[in-house]
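K.L.:
Chains A and B are the protein sequences, given in the same order.
Residue numbers for the first sequence follow this note's numbering, beginning at 3 and rising by one.
Residue numbers for the second sequence follow this note's numbering, beginning at 5 and rising by one.
By construction, these hints were calculated from the structure, which means they are not laboratory data.
Hints are not guaranteed to be accurate.
What the hints assert, rightly or not - With a Cα cut of at most 25 Å, we get these calculated DSS-like pairs of lysine-lysine:
no. : chain 1 : residue 1 : chain 2 : residue 2
1   : B       : K280      : A       : K540
2   : B       : K258      : A       : K541
3   : A       : K371      : B       : K67
4   : A       : K540      : B       : K169
5   : A       : K541      : B       : K60
6   : B       : K67       : A       : K541
7   : B       : K67       : A       : K370
8   : A       : K101      : A       : K463
9   : B       : K54       : A       : K452
10  : A       : K463      : A       : K576
11  : A       : K541      : B       : K50
12  : B       : K67       : A       : K559
13  : A       : K371      : B       : K60
14  : A       : K559      : B       : K60
15  : B       : K258      : B       : K169
16  : B       : K258      : A       : K540
17  : B       : K280      : A       : K576
The model shown is predicted, which means the values in this text are computed figures rather than measured ones.
Below are the chains, spelled out letter by letter.
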Amino acid sequence: MLLVLFSIAILLLSSLFSLLFAGEKRQTACVGTAIASIVGLSGSILSSGSQEFFFKAAVPDLVISIGIDPLSSFFLIIIFSISFLTAIYGFGYIKEQKKLLNTLPFFPLLVASMAAVTISRDGFSFIIFWEIMSLTSYFLVVSEHENREVQNAGWIYLIATHLATAFLMAFFVLLAKESGFLLFKDFAVGASTITPSLAGLLFIFAIIGFGTKAGLFPVHLWLPHAHPAAPSYISALMSGVMIKTGIYGIMRALMFLGRPFAWWGIVLILIGVLSAVIGVLYALLQHDLKRLLAYCSVENIGVIAIGMGLGLIGVAAGNTTVSALGFGGALFHVLNHSIFKSLLFLGAGNIAHGAHTLLIDELGGLLKKLPLTGITFLIAALAICGLPPFNGFISEWLIYVGLFQGTFSQSGYPILVLTVAVIGIAFAGSLAVICFTKAFGIVFLGEPRKIDLNGCHESSKLMLAPMFALAFLCLLIGLFPKIIWAIAFSAAEAVYPALSTAQTFAVLSSLNYITLMFALVIAAALILFFLRTLFFRKKPESLGVTWDCGFEYPTAKMQYGGSSFVEPVSAFFKPALILAADGRAEDLSEKGLFGPLFKKALDFIMFIRIRRKSSIQYYLILIFITLITLFIWEAWFGI
Amino acid sequence: MFFIILHFIIFLAMPPFFIGVINRVKSLFAGRRGPPLLQPYFDIIKLLRKGSVYSKSASFIFKIAPMLILTSIICAGLLMPLTGDSLAGFSGDIILFVYLLALARVLTILQAMDVGSSFEGMGASREAIFGSFSELTVFAGFVTLGIITRSTSLTDIFHWGHALKEPATLFLFATFFFILLAENSRMPLDDPNTHLELTMIHEVMILDNSGPGLGIILYASALKMFLFMALTALVLLPNGDLPGLMPAGFLLLKVLGISIMIGVIESIAARIRMIKIPQVLIASFVLTVFALLISLFERGMI
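Bound conformation, chain B alone (with noise of 0.2 Å):
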């Protein structure tokens, strides 16, 4: 019951604090002091007790999107290891893992084609395909994870302890980490900060919320943020077998340490050119498919 509960605190109240942190780090490379670190929990509650400009094309589908969305990635984070052990994982829960993320974004590029609008139909066109190559990426990642772990689950997976000794891990530390980059849209594939809408991808498609929506959609972006984080933290260094609170406490630092190095790569890096990105999509891709064939070469299977 206790690490039901740590679970839920973990992954409902913690996300929007990394946030914070890599906006904190970003300021501080660009010599600023920079907002509070609670401040995207500012944004959110501000932003809940507004009220909503709806755009006269919307159907209904885009006043329920902002709550499917958050399901959908709030039941993704019950597969993943959190406190050592997830709440509902079975054998063959990364399939849900990333189709539950899927959902979730189908549901956004749904979202953003109901109003119409160029900037937000660009923005649904670049998440898809970008989307679909990550997805790729992530389901070669976990085959690979499956052949080193012989498992089919989150928890399993990452309570092998043999992190490090696997060279593939590295390659796989690296491949997530772009995934990461990639979906949660941050330098170099994406710029959440910018203001010109031609350029951008997923700040694109949620430009016509406003209000709860808006606050709703942040939140979940948050979340799913910190589930990748978790995801490549765990990767380099699952959790092992250590015992009670661990797990939990040394994830928590792990993920910061990855907001950490995005915060500096989003200070150090420049933007990539958009026709760019699919190429180094693939990239990202080959080197999975190197970690794969190497964890494959190393036990003789091949």
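One chain only, chain A, in its complex shape (with noise of 0.2 Å):
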């Protein structure tokens, strides 16, 4: 706990002095942050138990506490692990881009907010960090302000997180005043007492609140566009590590709300089932690396939600295993999605600097020019369509092996939603193929489209080094997923105490039984290597032209891109997407629902500002009958 509070020190001194020096001087944020992350993750290793402190705050009634048990040490060794790797990388980033000096001493006070979020423990202190957080991420997305898309997609991303921040707010109100204090303490205590409709209300509060922050479908509106504006090791930040805060935020407010119901299950599966498939629809529907890939992020919260909503199910029919799958199986997918989620997108910061450009359709052949990135590249790309050796796998195995074991306990509407859910996953990971076969496949093998090879480099060691150390772990965590398995679990068993019951003994014999499978995949795929260089040393080996039916002079040009490559899903799937002009996928949840939401609300707006002349006067009268009406609603319905 110390150790953690003192990396938060640090982190906000770095920001401090980033802020005051100038030019390159400010790379001491990264220094800075590195630093404050191994000091951060090695104390929330070793944290053990839960521990809670109180500070009596200058206003009347009002307590700020903050403490750490393992679901809190869980998603900080998640924050602290990536912002070490990302810091790294961005330190090396920034040296060529100076023009991102401006924005840096933003990001120690992000990775710090983010660890504060998850030690906060009242509610009131919690809204603030969260939006420090909201923030500082938002200054880190307009780094490149200059470019009037990435405006556009800072205030998107603004507007979301505070349309978010209202219902968060609601929500702890509504606790509040069930509880009579601020404090989580207080909130875990009177969720024994707590109305069915009260806590079913607070769960949907729950679900907007942090959905939106995790990128549920269809409140994900943000994420394509804040994504793909912010600098690379930005975004592997916000998408890697911001994003899960989200999903941080829905287990600790499941601690408040009592036992469960089975409808919550059922809501939260539906909603990651559609977030799962359409975010991959449209993510294999992209041109632009970046915008794949954040759409990509709404898959994989859609599988999170998934795991979640089966744990939900579990807990309310009092199948603990069930649960401690899929609890244990979403806690486990956050951590992998972070290890190579980042890890993709750093690799999309060494193609735009590399290559110059992020459009999949003009890259080609990079791997013969980026080798070490193209490697990594093609292990988080396995990783993440659940392929094994690697750890993506795992988590989507123990999600699976808790689905199947649902279907053979439950009946009625949840066994349904079950046999829907291993349906979704199953349909969300074989498209997930197709989409990152397209953005491996297109970007770094075959020819270049409209890119010189020659122009592009590989980037610095510096820049290289956490993505091997990611790419190594996606190997590791495949291979031994054990220790992270005991954490995920201990973590879920912190929101439900009676997870401890769960026969997981099954689940760890099957687990000893894949690791012996991956090494096996692995020693098969050495021995192989080595009888072919044995067998076929002496072979001969020439070069010739690709065949193409006969014709001798194949160009680039002739090659499949990506557009076509993607052709039959777009075909396939027509009916039920708006595509643009150029093949990409409109957003349905942007152009069906909130665009014409907020097109109505402007217009509203617009009507009552027409009618009078903006005056000062006016707006305070307006916002004068405002909060008499609230009172008066107060007063009559006590909310």
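Starting from the two chains in their separate frames, assemble the complex, guided by the hints.
P.N.:
Structure follows, in structure tokens:
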């Protein structure tokens, strides 16, 4: 605990120093973040059990509390390990892109606020840290603010995140009215007496409020705008870690809502299936690599939501084994996704840096010039598709097994939802294969389409080292999943202590077998390579042109491009998609739901504004009327 | 120990033979004598002894992919109960089985995209989308089998001996047979013998392979086809609790029967138009969902 606080202090100091300096010296922010992350990481690994501290604030009735428990330390481990690696990458990245120095002081602040969110133990400070997190990340997103698209993305992010915060405020206020205090400790005590309808309402608020940050469909809107706009090391941190604070929030919120009902799980699973399938479908129909990755985050958050929904169904039915698999798998996937998604975004940064474009249809053949980036990107792509022998498989496997186990013990609506979930994850997984064979195959393989390969170059060692560390983690966690399973399980246990009765013996023995199988996959590959070199060493090898039906002069233009690669998919799903003229999929939630909604809101505001020449007295009267209305509402209905 | 060796002998040595059987059935239907039954072995050995020509566009992925494809299919084979029990079965291995085959598919697609050919890109694109539909169907089928047998391991699922008493298994057999045809580029979905690259799916993806690489890929696809034939056969007629060598012997007979069926279908069916294939695959998915609902209703679970 102390180490975590110490690391937050270092982060704040490094942010301050970097703000005071100008030019190259601002890099202290990256150095400070790296040091602070190491300190915080060791602190969160060493922390055991639960601790809480209370501070009496100068305001009456306000007690600020911070604390740490297995759930917090699980997320702290993710935050600090990824921030350490992105800080090193960022150091190398900014060296070559000097203009990003402007917003660098916000980087340690973002890390600090994410850590603070996970250790906050009262509604008041939670909302404050949450807002600091949103604002610092906003400033980092608009680093390249001279670009109009980036400004636009920043606005969308800011509006989305604040609308979500409104729901969170309502969430905490309602809880505070119920229990009388703003402390999480009291929320948890009040959970036993909460009425089902209020608990259901609070659950919905938590899903909307935290789900927006996490990127659940249909409130994922900001992700595909903000991630491409931000510099790559920031997208890696945001997509890898920051959106996970939304998952943390949902898990934390569940502690205050008492015993869950099966319909919560059903709702969460259905939202998860929608997010997973629609997210990956939009992802594979994008032309911009970072937009593709952003939509793919929506898919993975959907998978995590399915896991959590499964956990809720398990708890509601008293089947702790299913519940442990659901929550454990979801949290495991949180960790996995933070590893391979940040790796993919860092890889996209190298591509942007080396080839100066991120449009998939212009790239090609980069593996020859960026071999190390290519290998790490390939490992991340395989891992994110859930393919053995990497870590993505383990968490998807846990969720699958949980869903299967659930179908054995449930009946009625839950069993239908569980089978829909299995099929949904399977479909999302197989579409992810299309998405990432497109991303890797078009970008790295074949011949360059519009870029000049001679102008491309590999990134510096400082940028490649963190990527290799992440790729190594993908393999390592795939081979030794039990350690991560243990901490993910204890984090889930912190939310529902009843999980300690779960029969996880069968899961652990299966994990042993998976380790064995993964080791076999690797060993068999090595043996086959050995045999190949042994027997085929003397065989003549020669180079020729690519076979094109006897045509001897293939050119790069004759290749299949990214859009043509996914054309069968877009043709198949055409009735369900809004396709732009260039074949890109438009977001249904943007064009069909929030676009028209905000248009209506704008019309209404303009209506009021045009009525009166916008004078300050008039606005004051409006504010006054609103306050009076709210006061009467409060007095009569008591919210 | 004996069963481990037997498993490897069956799995590593037998598959090309069944391709020979299919070819023989096809030639008998066409009124020809046809190549020897062991011709697929001769082809593979011949290719392994040749040199290779690589495309100038290809990267190292192209060279290592055949070995990795073979690796993942062999590892998937360890999970298939060929001798009554599988070698490395555990509860939840059906997921690993599907994902290992998916790994092989991804590597094939990447290898095809590596040479920058329009034909191979075309094949890769088709394989990606059709493969994703069949993976979906396989998962729906496994959920159904899981609900019927209450287990998630291939060994346990196929120990269950009440075949044919379940109406759902007939539907499942039909869909798995369809997946077998789709995944292994057989008629009526894909034509392994065509000479027009525009209409091929799987074969067009490996156009640029030559020599040992091509040999390994042909061998790997024979293994993959054998796995799917065994799976399809076991769905209709599970092992049950037969003792000793009987499961292995019966399995080979069943697979032989399936190869003859494939040969007959290839001889009498015409190829479906390319744009119709997704519809056919979705139809087989719907059939699986139907089987799933039947088995749920039967157990009073919904």
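K.L.:
Work down the list of hints and note, for each, if the structure agrees.
P.N.:
Tested hints:
| no. | hint | in the structure |
| --- | --- | --- |
| 1 | K280/B x K540/A | 46 Å, violated |
| 2 | K258/B x K541/A | 39 Å, violated |
| 3 | K371/A x K67/B | 18 Å, holds |
| 4 | K540/A x K169/B | 57 Å, violated |
| 5 | K541/A x K60/B | 18 Å, holds |
| 6 | K67/B x K541/A | 14 Å, holds |
| 7 | K67/B x K370/A | 14 Å, holds |
| 8 | K101/A x K463/A | 21 Å, holds |
| 9 | K54/B x K452/A | 37 Å, violated |
| 10 | K463/A x K576/A | 44 Å, violated |
| 11 | K541/A x K50/B | 13 Å, holds |
| 12 | K67/B x K559/A | 24 Å, holds |
| 13 | K371/A x K60/B | 15 Å, holds |
| 14 | K559/A x K60/B | 16 Å, holds |
| 15 | K258/B x K169/B | 19 Å, holds |
| 16 | K258/B x K540/A | 41 Å, violated |
| 17 | K280/B x K576/A | 15 Å, holds |
Figure legend: structure checked against the earlier numbered hints; hints not met, in rising order: 1, 2, 4, 9, 10 and 16.
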